[in-house]
Structure formats: C-alpha cells, structure tokens
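S.K.: The chain contents come next:
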Amino acid sequence: MSSESGVEAKSGAEVAAGARHRATGTRMSTGRAGDRIFAGAARGSGIVVLGIVAAIGAFLVWKAIPALQDNEASFLTSEEWNPNAAPPRFGIAQLAFGTVMSSLLAMLIATPVAIGIALFISFYSPRRLASGLGYVVDLLAAVPSIVYGLWGLAFLSKHMEGISKFLNSTLGWIPLLGGDSPGKNSIFTASVVLAIMILPIISSISREVFLQVPQDHVEASLALGATRWEMIRMSVLPYGRSGMIGASMLGLGRAMGETIAVAMVLTFVPGINWHVLENGGSTFAANIANSFDEASVTGRGALIASGLVLFVITLVVNMAARAVVARRKEFV
Amino acid sequence: MTTVSTSKGRPGAALTKVSTGRRIKDRFVQVLVYLAFALALIPLMSVLWTVVVNGAKRFDLTFFQFSMNAVGGRDAGGGAYHAIIGTLQQVLITSLISVPIAVLTAIYLVEYAGDGRLGKVISFTVDVMTGIPSIVAGLFVLALWLLTFGFDFSGFAGALALTILMIPTVVRASEEMLKLVPNELREASFALGVPRWRTILFVVLPTALTGMITGIMLAVARVMGETAPLLLTIFYTKVINTNPVDGAQGSLPTFIWDQAKDPNQNSIDRAWTGALVLILIIMLLNLAARFVAGRRRPAGR
Chain G
1 MSSESGVEAK
11 SGAEVAAGAR
21 HRATGTRMST
31 GRAGDRIFAG
41 AARGSGIVVL
51 GIVAAIGAFL
61 VWKAIPALQD
71 NEASFLTSEE
81 WNPNAAPPRF
91 GIAQLAFGTV
101 MSSLLAMLIA
111 TPVAIGIALF
121 ISFYSPRRLA
131 SGLGYVVDLL
141 AAVPSIVYGL
151 WGLAFLSKHM
161 EGISKFLNST
171 LGWIPLLGGD
181 SPGKNSIFTA
191 SVVLAIMILP
201 IISSISREVF
211 LQVPQDHVEA
221 SLALGATRWE
231 MIRMSVLPYG
241 RSGMIGASML
251 GLGRAMGETI
261 AVAMVLTFVP
271 GINWHVLENG
281 GSTFAANIAN
291 SFDEASVTGR
301 GALIASGLVL
311 FVITLVVNMA
321 ARAVVARRKE
331 FV
Chain B
1 MTTVSTSKGR
11 PGAALTKVST
21 GRRIKDRFVQ
31 VLVYLAFALA
41 LIPLMSVLWT
51 VVVNGAKRFD
61 LTFFQFSMNA
71 VGGRDAGGGA
81 YHAIIGTLQQ
91 VLITSLISVP
101 IAVLTAIYLV
111 EYAGDGRLGK
121 VISFTVDVMT
131 GIPSIVAGLF
141 VLALWLLTFG
151 FDFSGFAGAL
161 ALTILMIPTV
171 VRASEEMLKL
181 VPNELREASF
191 ALGVPRWRTI
201 LFVVLPTALT
211 GMITGIMLAV
221 ARVMGETAPL
231 LLTIFYTKVI
241 NTNPVDGAQG
251 SLPTFIWDQA
261 KDPNQNSIDR
271 AWTGALVLIL
281 IIMLLNLAAR
291 FVAGRRRPAG
301 R
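As given, the protein sequences belong to chains G and B, one line each in that order. Counting in UniProt numbering, the first sequence runs from 1 upward without gaps. Counting in UniProt numbering, the second sequence runs from 1 upward without gaps.
So that you can see chain B by itself, here it is in the shape it has in the complex (with noise of 0.2 Å):
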C-alpha cells in the first residue's frame, strides 16, 4: 500500500517506512476492527445454537400435528399446530391486505407525486410509519378495532396490526426498485401512444417485479416474528382455531411467550422447538427472497 519504488541509499528511501508509532496504530485500529466483526458473530451463532440444539428436543411429529389443547405445562407432547396455522393465516391476510396499499403507494409516490406536496407529506409518513413500534401498531387496533368497533379478538385484528408494521417496508423497497426502471423504457411505452396506466403495469412494474418480491418475502419473514402487537390483539388460544375473523387465536410467537413463561421443563422445550421453527421458516424466506433477487435484476433489456 505504501511501497513507493526508490532506490536505495537515497533519502527518498525514507518514504517507503512507515514510523513504527504509525504501524503500531494502524495495527492496533485493525485488530478493533476484526475484534468487533468477531463479536457480532458471537451472539449470532449462540442465538442460532441454542435454538437448534433446545429446539431439537421436541422437533417431532407430534410438535406439527397436535395443539396445546388440554395440555398442560408439566405434561409432554403437546404441539403447534394451532400456532403454525394461526401465523400462516394471519400473515396471509396481512400481505393481501398491505401489499396493494403498499405498492400502489410505491408507484403513486415515484410515477405520479413528482415534487408535488402530496407526495412530499405521504414520503414523510411512510418514514414515520416505519419508526412506529410494534406494540403501538398493536394498541391502535386495540383501541379502534377492539375498543371502538367492539369487534372480539380475533387472527384479522392481528393481520390489521401487523399490516401497519408491513406497508412501510414493502413502500419503501417497491420504490427503490421502481426508480431503478430506465427511464428509456417509459419513454419508448409513451411514444408508442400507449396510456400511462398500462405503461406502468405493462412495461414498469414486470420490469421492477423480481426486486419487489424481494422485498415483500423480506417484509413477510419481518412480520412473521412480531410478538407484541398481536398479545394485543388475537390474544391466545391453545385450541386450533381455523377461522381468522372469530376469535383468539394461536400463533407461533404468542405460543413461545406462552410456553416460555410456565417453569415446567416440558413448556421450555416446546417454546425452543417453537422459535426453531420460526426461525426455520424466516431464514427459509430470506434465502428464497435471495434467490429471487439473484435470478434477475431489474433492468433494462
């Protein structure tokens, strides 16, 4: 890095030392630096290990097949069927209901708002958005849907929570991807005298699409971990529950603060082999979100 060719003997030799005060600093900066990679790793591999080899334990047939349905905490077996269920609806429900929103937010805000204030506030919003805590999404339907409406808890009411955790990162991904579509494209649609709508889902959005798979997959692995809202509003259940707009219902999360919390041994089992599924099912997600991004990126052909 710092060989500067000189021959030897001449003063200019001087130049290819560096002082032994500067090498010492500049190694010592290096081993902070290779010590602080090393110590994030730590926890990543203790959170992963201790997972996996808890989670073990009960990672059997009886854990996918059976609820917690008059099981108790001292009691083996038992499972999460109810739970992987409820988290599969609830999560199904809240990318259909925010992805829309989201990703026509998205083409609003970069195809349409231009500098307008409009879409200077809704930018502003979505940044606010993406700032909320997950409990305060949680005691908002709490306080509209539950309070106001007088609906019961219910899979939809945690969907309606974890949708506004959702909108914000899907918003924002979508948009990054759109404005990488040349504008060459839309210009070529335009000239061709085709209308602006078409142009964006014609020729915009499939031009965008793998990225933004990318990023709803990302934002689904996201949601599919979050706790609090939903203590708030599905509640919890230990029955299996298959109808997401009636009543408490199960969820993986819940279902490991559940069983976490009770002292028997039996339940801590069950709550690792719940967060290794989870886990499980998350990392599945990211990987194929991954895989999706690598195929192809978004450009112009």
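One chain only, chain G, in its complex shape (with noise of 0.2 Å):
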C-alpha cells in the first residue's frame, strides 16, 4: 500500500490534471502510525468545522422555540418589538423591511462606484501603481466597523442632514424619498455607511473577474480601433457580468450581517417607515445589539429567533451570490 500510493499518483491522468498527491481512492493513509494520525486530525478538523455550522442553526432553533411559543403576536407580520412584556408581542416585520430596505440601498448606492474602482485599477491606472491603488481601496476594509459608526454618528450624519434635506426638496415626489422631516439618523444615513464599508468587497471580486478576461479578447477589439471605453464595454463588462452581479450579492449579504454601525447611526422609532430619508428604523442586528442589555429570558429568545431569520436571509443571499459567480468561474 505505501508504495502504491506513490506510484498510483503520478499517473498520467492525475499529472494532466494538475491535481494534488492523493492516495488511491478514498484511502488516506500509508497505514502508518503518524499518517493515520494526521490524516485523521486533518479529517477531525474538517468534521468539526462541519459540527460548528450545524450546531449554530441546531443551538438557534433550539433556544428560540421557547420565546416564539410564548409570543402572543404574529412574529412574522407584527411590527412591535415587546418581548420582555407579559405576555410578550413580537414581530420581525419592521426589522426585516429596515434590514431589507438599508442593505438594497446600501448595495444601489456601492455597486456602480465599486465598478468604477475595479475598472479603473484594472484599466486606467499606471499599471505599477495598480497594486498599491487596491491595497488603499483594501484599508477601507481594513478599518472596524465600530469606527465606522462612531464616525458615522459623530461626523457623516451632520453633513448627511443637508443632502437629505435637499433630496426631499429636489425628489420629494418619489414616495421612497417624501415625508415631513428628513433627519439625519435615517435609513439613508446607515445605507451610506453600509455601502462605504461594502465597497471594497465588491470592488476586489470585481477585480478578480476583470483579471480573468481573456486577454485575446481586449486585444482583439483594440485592434479593430475600439476607443477603451468600447474595449470594456464590448469585452470585459459583458464576460464579467455575472461576477460582478454575484460581487453585488456578496456585498448585499454582507450589509445585512452588519451591526454595530448601524446601531449607532440609526434612532430607533417604532413602526416601518417607507420615507428613508427620515429618522427612524431598525434592522436584525442592530436591534440585537441595542436590546441585549435589557432583554430577559423571554427578550433574549425573541433576540436569538430574529438572529435566526437573519442566519437565514444571509445564507440564501450568500448561496445566491456564489452561484452566480461561479457561473463564470470560480472568484471567490
């Protein structure tokens, strides 16, 4: 056997390939002590990783059950959020249409800029410069969350005040954009956020697409006297959509997950809101990381349910997203 191994992997088909040294078939040893070890730490590892991920939807389940049988409110259509009253009213509705609503926005708001960054690096920048160029887009990644919402509440959302003011004034017609009193903790001003600390998910995913255009392709329409811009339309946009729209999910799936900047820029008001632009809202996570304090038993299941939809909602939108992308290929 532990000669077979050897030889079993440089056969010629395994090499074209390109694949890795395997023993033959599902055997994972040499049958020696320390590789039977290894091999099952390595095999452990795995396993756990697996447990982990089961145990989260399991353990979630688990201690939401009671809170919801307790529930004296529609928990999906409701839009009060009372779980340490007795008897206890709660519903997701409002937290699921502001997480909803922020994370659209945030990805409306981030998508075309993020484009326009990878195009850029990928195109119009000096190409020594390019590396550096995406290493700074990257330091937005790079800086916490946390900070974000403290310079979200501290500086943006002043100057976030008069844009949404003078969007209301100019566009006030669209319902999505009306209301009385736009604000400066709004929907909007978190979406903002959202989409700053999305930006370089999507604009580094959309990098990677661009790298893989087939060279040939961007020469070939050169050749034929095409302007760059006609260049990216006619080669690069149309082989990286489906990339750059999976980018755009993953970015979605990301602003949703977010807590902590959101929690600290948005006010909380009661009820769902169509008017963005004013105060008010509240989303999964945020709502989680605002009412833990005072949650009891009761309040803490209910925050563990609503955990649990987000759980849900993030892993649809993460599966979507990776579907699409690995359309073309594999990015992620």
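Keep in mind the hints are simulated off the structure, nothing from the lab. Ideal Cβ positions, reconstructed from N, Cα and C, are used throughout, including at glycine. Mixed in with the good hints, there may be bad ones.
[What the hints assert, rightly or not] Simulated pairs of lysine to aspartate or glutamate, EDC-like, Cα-Cα distance not exceeding 16 Å:
no., chain 1, residue 1, chain 2, residue 2
1, B, Lys179, B, Asp115
2, G, Lys158, G, Asp138
3, B, Lys261, G, Asp293
4, B, Lys57, B, Asp269
5, B, Lys25, G, Glu230
6, B, Lys261, B, Asp115
[To be verified] These stretches of chain G come out as covered by chain B in the derived footprint (C-beta under 8 Å, 3 or more residues):
no., segment
7, 42-51
8, 291-305
[Unchecked claim] With the Cβ distance kept under 10 Å, some of the chain G side facing chain B (calculated, not the full set):
no., residue
9, Leu108
10, Ile146
11, Phe284
Build the complex: two chains, separate frames, hints provided.
M.R.: Given below as structure tokens:
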C-alpha cells in the first residue's frame, strides 16, 4: 500500500489534470501510525467545522422555540418588539423591512462606484501603481465597523442632514424620498455607511473577474480600433457580468449582517416607515445589539429567533451570490 | 492606442481619427471612472483624519495606564488599559483555537479530500461560515455556552464567538497557499520514501508558511475590530479583569461602544482615542502581514 500510493498519484491522467498527490481512492494514509493520526486530525478538523455550522442552526432553533411559543403577536407580520412585556409580543416585520431596505440601498449606492474603482485599477491606472491602489481600497475593509459607526454618528450624520433635505425637496415626489421631516439618523444615512463598508468587497471581486478576461478579447477589440470604453463595454463587461452581479450580492449579504455601525447611526422609531430620509427604523442586527442589555429570558429568546431569521436570509443571499459567481468560474 | 500609420491623403487616413461622438463618450467614461476612485478615497481619508484628530486629544500615558474604574462619563482622565488587556487576551485565545483547526481543515481540503464528498461538503460549509453575520456568531455562543452550559460572560466566550468568524478566513487563505506549493516537491519527498504526514509537515507546510502567516495576521486584524459578538458574550466592564475565563471583560471595541453612547464630551474623546488605538493596532498588523508576504513568495526552490 505504501509504495502504491506514490506510484498511483503519478499516473499520467492525474498529473495532466494538475491534481495534487493523493493516496489511491478514499484511503488517506499509508497505514503508518503517524499517517493515521495526522490524517485523522486533518479530517477531524474538517468535521469540527462542519459540526460548528450545524450546531449554529440547531442551537438557535432550540433556544428560539420557547420564546416563539410564548409570543402573543404574529412573529412574521407584527411590527411590535416587546418581548420583555407580559405577555410578550414581538414580530420581525419592521426589522426585516429595515434590514432589506438599508442593504438594498447600500448595494445600489456601492455597486456602480465599486465597479468604477475596479475598472480604474484594472484598466485606467498606471500599471505600476495598480497593486498599491488596490491596497488603498482594501484599507477601507480594514477599518473596523465600530469606527465606521463612531464616524457615522459624529461626522457623517451631520453632513447627511443637508443632503437628505436637498434630496427631499428636489426629489420628494418619489415616494421613497418623501416625508415631512428628513433627518440625519435615517435609514438613508445607515445605507451610506453600509455602502462605504461593502465597497472594498465588491470592487475586489470585480477586479478578480476583470483579471480573468481573456487578453485576446481585449487586444482584439483594441486592434479593431475600439476606444478604451468600447473595449470595456464589448469585451470586459459582458465577460464579467455574472461575476459583478455575484459580487454585489455578496456585498448585500455583508450589509445585511452588519451590526454596530447601523446600531450607532440609526435612532430607533417604532413602525415601518417607507420614507427612508426620515429618522428611525431598525435592523435585525442593530436591534439585537441595542436591546440585549435589557432583555429578559424571553427577550433573549426573541432576539435569538430574530437572529435565526437573519442567518437564514444571509445564507440564501450568499449562496445565490456564489452560484452566480461560479457560473463563470471560481473567483471567491 | 488607435494610431494606425497610413500615409496622408489616402482614404485610409480616416483610420487615425476617432469620431467626436465616440471620443467624447470615451472621455466621459474615463472621467466617471476616475471620479469613482476619488469618491472611495473621500470616506477613507475622512475616517482616518477624524479618528486621528479627535483621538489625539486623549492619546496620553493615562489612557494606557488606567482603567475606567470609578470614572464617570463626565470625568476627565480614565483610560483603556482594561480594554487593551482584554482585547489582546481574547484575540490570542481566538488564534490559539482557530488557527490549528483552520490550518488542519485546509490541509484536509487540499491534501486529502480529493474529489470526495466529505471534502465538497466541508468546502461548502466554509463558504457558509464566511457569510455568517458576526452578531449571529455571538448569538450562537450565547445560546450554547451561556444559556445551555450555564457559564457566565467571559473573555473566553467572546473568543469562542470570534473563532467562528476567524476559521473560514484562515481556511481559505491557507488553502490558497497550499495549492501554490508545486507538486514536484511532494513527489520528490514521496520518492524518497518519506511518509505522507512528514511530507506535509516538513515539506509542504514550510513552503506555504509565509503566505499562511500573512493570511492569519490579516484574519487576526479583522477579528480584532469585531464588536457585535462581544456585546453578547463578554458583556462589558469598566474594571481590569486579567482572567479571561472568569466574568465580564473589557475590550477595545466595546470600550468605544460604551463611551460613544455617553453624551459627555470627555467620554466621546475617550471613544475616539480608543478608535485610534484600535486602528493603529490593526494597521500595524496589516503592514506586518504585507511585510511578511513581501519577503518570500511561496514557490519551489
């Protein structure tokens, strides 16, 4: 067996396929004690990872059920959040609305800018500077969310008030931007912070996609006399479309799970408000961070239940994003 | 770019000219793309600038020597000693737990799994883990460690939550690096009769080591700034607690969170300085990671 494993892996087909050395079939070791232990440890770690994710789902469900059973309101459609009251009444309608609305807005704001950044670094910037510029954009991802929250609270929200008022007075006829009192701690402000936070992930994945564009396509279109923009439009964008869509969806998933920055920027006002420029709103994650301190036993259960919903939503969004990206090739 | 050399006066001369409409469109997009990049620099500069300017006010020795014990929101003074200690301990514990699991998982995926079903399932699970919101990781540890096992808030519980966030990043980074190790090294080692586990430990791992260290440092830097899971698992305290397995502990992110909620200017100043210290540590880790990565690329010698 021990001699066979080395020979087998060298067979022409495997080498041609670029496969790494592997023992024959499913057998992972040569039978020696060290091999068995090491292979077992590696496999065991993989199974631990598997177990953790399974446990996350299981424990969240388990701990959420008692609170859900005590709930007097409809969990899915109620806009109230009073799990500490007797009887407890709570529902996720408002949280779901705030989460989806703020993340979608963030994605809409961030995607064009992020793709612009990716195009700039890949095709417009001097080649020698490209990796350095990429690093600068990645720095945005290195800033912790609590710092974005502090910055959003103390700096950005002041400036957002004027922008919100301007948008409200000029574009107020759009239902979403309407309302009487545009404020600075609105869902809109939160989405701007979220947009900044998801910029680097969207742009770095888009850049990887652009790197995969066959050089032949680029050169062919240039040789036909295309301008730089025509080259991008004809050979880069069609090739990278699924990758860019997937990237922005991954950004969406990231934005949905973001907690602290949103919790610091938003002021909680009960009820669904479609006017995103007005103060108020809440998201799953921000609500958990804000109401955990005062939560009773049922309150914690209710927060865990809402966290479970967030987990499922982000899971679906991320899986869909990965499926879209993988349609072209493996980028992520 | 579009210069095609043709002699003057012939019909082919039109090739050198790009029509005005196309040229304007090209310029327009170029301006837009440049603007997009400039737009991304504005928040970055603004964040760094406000943090440095506001954080410098309390960036003094007191800040690093004292905790917030018996310091009210309105009082001047006080510091983040307890928070820095807590953060360092939690991140150390997180790394000690997650790095072995993550590296071994990466080794399994690259060296052992092949096209087997378990490998695919684990790889999918790592993808799922990458997308887990940090607050959900906190809720899980809350549900498991605190509510089910009945332990109290502690730095260790926080480290458990951070572990869930760190594992997938390290697995992916290590996987990338292990895949870069040339097959010839493995083949040469096998040909000499070296057992598989020794080949992996003493041939494959050292080759990929620098890259993996870079990945681990970047993961540490990312995990260090996480706040949400810590609020649910280590809670918050103003006093120094050097025992990570007993009771609530301080940490830099929760320190900032707590001080920023206080309306007094002295507290807000402390929050900014906390943010400055946190960013400094993270940037240092990032720079160090780049330095390590730049020194030697994993490649066959």
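S.K.: Tell me, in ascending order, the numbers of any earlier hints that this structure violates.
M.R.: 2, 6, 9
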